[in-house]
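> Take a look at the letters that make up each chain.
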Amino acid sequence: MVNRNTFVALGALLAFAFATPPTAHATPPDTYGFGNRSTALAGAVGADVNDGSSNYHNPAGLAMSRGLHIDIDYISSSPNFEINGERSSVERFGALQLGLVVPVQIEGVTFAFGLGLVLPDQRLARTRSTIVERPRWELFDTRSHRVFLASHLAFSPVDWLSLGIGIAFQAPSELTLDIRGDLSLTDPEGASRLEHQFKGDLTSIRYFQAGLQLHPHEMFSFGVTYRGEYTLANRIIATADVRVARIADLIFSLDTFSTSLFGPQQISISTAFRPTDRLRIGLELTWFDWSKHPSLIPTEQIILTLDPAIVEVPGEIGGRSAIDLELHDTFVPRIGIEYTAVKTEAIELDLRVGYVYENSPFPTQRGITNFVDADRHTTTLGFGIRFTDLEPTLPGHIGFDAYFLYSQLVERTHEKDSLVDAVGDYVAGGRIFGAGVGVEISFE
Amino acid sequence: MTAVRTTGGLWRQGAWALQCALVMSCATLGADADFPDPVQTSGVGPFRLLDAVETGLEGEPLGRVMDATGATGGGMFVEGFVFHVHAEPLAAPPERDPALAAYEVDWARFEPRTIRRSAANANTFGAATGEVVLQASEAWEGDAVFDPWAVVLADGTHRVYYAAEGGLGIAEGPAGGALTKVAGPIAGPVAGARSPSVVVADDGSFLLFYEAAGVLRSMSSSDGLAFSEDAAVPLMDPETPFEAGEVSHHRPGAVYATMPSGRRVLRVYFEVRLDDDTQLVTVAAAAADDLTRFERLSDAVWPGDEFGGAPMPFLDDEGRTRLYFTLSTVDPDEEPTRTFVVGLAPAFERLVPLP
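Chains as they are written, first to last, in numbering that gives the first Met the number 0: chain A, 0 to 443; chain B, 0 to 354.
Next up, chain B with everything else stripped away, as it sits in the complex:
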């Protein structure tokens, strides 16, 4: 009797074990899993050029903001408008300046530069060629106006800072309306000031960055019209120097950003010219409450070798950075005209979903 019960017990236990084994054998089913998603909130790139779906512009070169003839000096985006510099080639241009780098535009071979304003295309991030909104008219301006930087004032007015032969000027007008020159040349910046970039601080004051003699400089103002306290921007050396030596810094483009941590940062994108006759675009950043120390990226924000230049950032509501900048033209045998392009960081994000 005992032996029978033991055999029965063993059988029942064996049956349970068999059922366990069957369940386990079906349990492990493989599946692919994604790597963790990338994150970037620092705006340092590397940027990628927008594709045709995002710009709405088919064909080459990729990332161009608009289909335009002539040469471009770059531009910036504000409130649905792109302000940019444009010039058509002269019918009988003079000889090219041999001192210029191969990728640089020789503006003397073009008609006087003007500042155009284009409305951004609906649902994409390209733009039309637009209309001329500023051209040289004052004696101090010489024959051209260029390097536009637009700021939206509290009352909605568009104020455009720009450069001309005699320094920096200011024009204002309603959004999309005619611009009226209100000041220029601005008193304060050192001689030869170019490439103004103005940001409005949290306290309502204005901070002007500009270049002069290959050095980035800054000034402050309470009204954005009269600037003071001119000083060189305190750029730190990059942690790892570039392989070629730095010759000069140009075309500052500044933007305030709020990190997810809540801290405010002021980023300045700019052009670096190197002693091997190349140039690149990089960025420096400072805490908004301590502008005495701008930490520099040890790399270019645009990884390509097309000599990026004239960076002008725009931070969207999602925290993404669109960088409007210029690249050397595709064919080195042609007249250098540069191409006005727009890049995005983080590069893994999209502005327009793929169809």
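Chain A on its own, in the form it takes in the complex:
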């Protein structure tokens, strides 16, 4: 049934979408998953997800939730990477994940608001510039170390259809340092008169996510999810205009612009098949638009002049230019199987297994860049136990979930074109051990 509220809801969703600049994969959920059940199913959940992880996997699922739903998970992943047999210093990632779904029904149409939050337990955000000659596990070193926050609206005009749209937030930075005054060479501490001003500007950018779920039959459901592209840039501007010993003007200008994080746009298509009421098989294929990745090598412009030239200014000062990373798009297949082993009036026990193959978007590092990555095979195992007969203490159910994750990063040889490369050839590979525990509370 499509009524007036449907059109109102559709209008609200579109307004929500177009109010955000489409400018957002490389977030913690991209790397380590979001939601305990969804991660245990290798992320192959877009067709029928309806818990708090809908905020990442498919916002349309929010409107399929049967009540207020809160998911609280803690995940921990320990990368164990090696380059030439030596352990790479990629630190453990741990985070608290929160998913919230608030559905309401108005004249037969289900509306829902969702909020997803990933709060790393080490830091809110980390940005590290690239040292070209230093091999870095690009997808694991820095990208995942930041907060992920997303909010969505969804509605379901009819039982078999739901739509969702929303935004996620990230923060680029611009830092400015100005130094002015007089510098004494004979008594720099006592006679110099220098003043400086530092300005830091942490603005926010938003990118949108949208999804659709179709439930044409109780045995089948389909989903489509779109996640927008985003680029987080860091800009550092430093200027100095200093009179040196009253005989010369020193003018220094540094303007460096770097991409600290890029998330490619993504489209996921998914299906879930339930041949029996105890078995669910989910399949998902995601396209990542990695080829649009901008260079991670900062663009620098450095100007250093001294007038008159009382000392020689080094000729090599002049900055550097961006280098094309030559990433390619990837298609990532996922499969997740869930079997309800126990199902009674009071308790349900689900067993889960999943697999995902992520081919690396980074090419073999044959030139001067050293962004290390490898094809990744991930296998997950998990379970969820749900207590459903909790009235009157809890008008809903409470569940506990846990998963274990193992990723194998296939060893990859990086053979340099130049035999006198500053780094030389290397072989990189590794594995990730991850686990998560969580609780879900659902109010009917």
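Don't read these hints as lab results, they were simulated from the structure. None of these values were measured; they are calculated from a predicted model. Heads up, a few of these hints could be off.
Stated by the list, open to error - Okay, the calculated beta carbon distance ranges per label pair:
#	chain 1	residue 1	chain 2	residue 2	range
1	B	Asp36	A	Ile268	37 to 43 Å
2	A	Ile130	B	Asp316	39 to 45 Å
3	A	Ile130	B	Pro173	28 to 34 Å
4	A	Gly84	B	Val189	41 to 47 Å
Quick reminder that beta carbons are idealized off the backbone N, C-alpha and C, glycines included.
Given chain A, work out where chain B should sit, using these hints.
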């Protein structure tokens, strides 16, 4: 009744939310993290001089291989021994040759050069001054022998290639034992051959690099005694030329390396003299199966400005390169004698842990 249940429900939901907030507020605890570890397998440096813990030699200059008087012509390491050139100053030396660069040793002001062999110190990478194992005795050698390069043969014999006034010679002996001159001057190298450096290829053949008239040259041999196919080493121009023009190339030091990728590379470290009266040490490399193209580094492997020279590499089991080379002496007002030092690449590694 309905209102009471709603209030109770809200309270319970609020309590859950409060507990969530409390957990989250404790979750974000900062911690420092290291930058990714550096990696270098190409052996191009920049090298750092070994410190006193690594050489076992306290005091200045840093990185010296041994405490010795007189002048050194550099040397190389093989199987626990350092073969090096040494000469003490003459009591009444002639005037210094004004044509020499300020950092060059005027060998005429020293006693005839000899080749010494020192046993490396236990647990460190310094060495004693050692004993004379080769000195000029043949007519073709003139009054001095120098530029030693030792190769360990399959049967454990140490074969030492060296230079003298009339060309290149060969001496052999057991490890640590007396050396016997077995050939010289070697037939084949062009006149004025100096600084032999010999590596054994995977097929067992010998490859000789040497310098003559400021040009690096190479020859091959099946037995390491008779060499043929003399040709200039096909060095490419560096991608970025040095600021000063290159005048000549000297003192090749070659080593085969296996990269982590499995490919074999032949590296040749050598001395470049520039038209601003300076010199530096750089490196060129070629694929082991294609020696027709030696790619050059566009920089010096030793970043200091002490006019590095006479590089002789040694690749250890960990893939690290120790480069034995010489630097100009510290005091420019004194007689130039050079200092025999040893550097390490990758520079971020250590050979001996700090105490």
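> Does 37 to 43 Å hold as the CB distance between aspartate 36 of chain B and isoleucine 268 of chain A, or does it fail?
holds (40 Å)
> 41 to 47 Å was suggested as the range; check whether the CB atoms of glycine 84 of chain A and valine 189 of chain B agree with it.
holds (44 Å)
> Within 39 to 45 Å or not, the Cβ separation of isoleucine 130 of chain A and aspartate 316 of chain B?
Distance hint for isoleucine 130 of chain A, aspartate 316 of chain B is violated at roughly 28 Å.
> Within 28 to 34 Å or not, the Cβ separation of isoleucine 130 of chain A and proline 173 of chain B?
violated (48 Å)
In this structure, the earlier hints numbered 2 and 3 are contradicted, and the remaining ones agree with it.
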